[in-house]
Amino acid sequence: MNAQHILYSLPLGKVLFRDVHFTINKGEKIGLVGDNGIGKSTLLQIVADRIPMEEGMLATTVPPYYVPQHFGQYDHLSIADVLNISERWLALQAILQGSTEVAHFEALADDWTLEERCCQALDQWGLPHVNLETPFTQLSGGEKTKLFLAGITIHQPELVLLDEPTNHLDVSGRQLLYDWLQSTDAGVLIVSHDRNLLSLCTPIWELTPTGINVYGGDYAFYEERKAEEEAAILQKLDHTERSLREAGRKQREAMERKQKDDAQGARKRKNGGMAKIMQNVNRNWAEGATTRLKDVHEEKVARLRTELDQLREQEPWHGEMQTNFQDARLHTGKILVKATGLNHAYRGQTLWPVPLDLEIRSGDRISISGANGSGKSTLVQLIMGTLEPVAGEIYRASFNSLLLDQEYSLIDRQLTVIEQITSFNEQKLQDHELKLRLNRFLFDPESWDRSCAVLSGGEMMRLSLCCMMVKNNAPDMIVLDEPTNNLDLRNIKILTRTIADYAGTLIVISHDGMFLDEVGAEQELGL
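Read left to right, the sequence shown gives residues 155 to 681 (my numbering).
Treat the hints loosely; a few may be bogus.
Said to hold, decoys possible - DSS-like mimics (lysine-lysine), calculated; alpha carbons at most 30 Å apart, straight line:
| # | residue 1 | residue 2 |
| --- | --- | --- |
| 1 | K390 | K380 |
| 2 | K404 | K454 |
| 3 | K492 | K625 |
| 4 | K390 | K404 |
| 5 | K647 | K589 |
| 6 | K454 | K414 |
Source of the hints: derived by calculation from the structure; they are not laboratory data. Since this is a predicted model, take the numbers as computed values, not measurements.
Based on the sequences and whatever the hints tell you, model everything.
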């Protein structure tokens, strides 16, 4: 596939990106990164021919296979429809039931192994219980992703486009994807914030408003080169700012010196009895010299200002949240939660075949692991007391906790940013103190009246942390339920640093092994 000069604008006319060029070769595994809202998913949809570009050219010799990030548009379809095999599947079933109609044989197109391949593909991707007539809407988020991945095995495309494919996958599902990526001969373009997945990609492409920057190594190489580039920009920015100040100083000094010399010359001419015509000549020459000197300095200052403006556009974003969760006040080792024979049920069916026994002490940093549907989020609700068990006993000490989930459910989308933070003000902080907290979490005054409904994933994460801190800046326990799913790489680093610095009890559900390591979740509770 080859793309030239792709441009895409938002409905109100704002250009999202322009001048995008790229080539995808057979066998390349390309990771596409960039800040939230930069247009990575949009570009993938353009490449998949799901939305039109405004300008540019896209040429491909093979049809791409697209795995979307969101699945709502498919909920009315069957599994066979989603896999794009419905016509052949129905034709095969009709023939097996005795049909001799030519239309059925033409629709099947001699694909007699279709059913066998589908069963093998579904089994390979952990979906042996799924049949082709099942409504797509009955699948979980992870199962929906796996179904699209099974379609790769069925169709064997030469070009695959993946949009955040690990968002809903558990550990085993992610490993299946990693294994497939390492073994496939297809060209693959992946939008992802999964650093383990990106480490398997070479090269890394970074989407910017003015095109794609290509980094010819894996993700570790990209991070290293990116840091070097940002350091070089900051160094050049500092040098240019100093040069501009120096040029301005020299301009002022030269003009002051010239004005002084001109004044002295005028006095000499007046006192020396110089002929009037010569006085005019000298005065005109002096005025011309002054103009030329002024033009030279103004040109240099203007050039440096232009260069400075261009550098500031490239300046890396270094906004730092000022988080200050205080250490939990409970002494280390105090029993916070203790459960024996714990179980819950849905529709009369118990959740865990073997009831759970667990103990959580203050200072523990625990990851809850398990396959999709194993009850990780339910266990968190039992621990926090928002659910009660149907079997077993659970003891909860008196402690306060804060929950951050992947949907940022503590954010009321009907409120503005300032209204949201005010609703969590249990410490009765003054208005100016609330606004100071917002500033510390990188919300400037222009953002205070924005609706929470239009915030990006990273902004919702920052606002959630700010609300948590305003409510209680010394929690005994912080609970995280898939907190990195909707974050870009920059905001994952911000969240990681915040949680790693928190000295208290941590309960975290995450399939991101790198995140778990970095926040110090050393204990594991497997379901």
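Here's how the hints hold up against the structure:
With a C-alpha separation of about 15 Å, the suggested pairing of K390 with K380 holds against the 30 Å cut-off. Simply put, K404 and K454 have alpha-carbon atoms about 11 Å apart, close enough for the 30 Å limit, and the pair holds. Note on K492 and K625: the hinted pairing holds, with a Cα-Cα distance of about 26 Å set against a maximum of 30 Å. Between K390 and K404 the alpha-carbon distance is near 21 Å, which keeps this suggested pair within the 30 Å criterion.
For a cut-off of 30 Å, the pair hint linking K647 to K589 stands: about 24 Å separates their Cα positions. Note on K454 and K414: the hinted pairing holds, with a Cα-Cα distance of about 23 Å set against a maximum of 30 Å.
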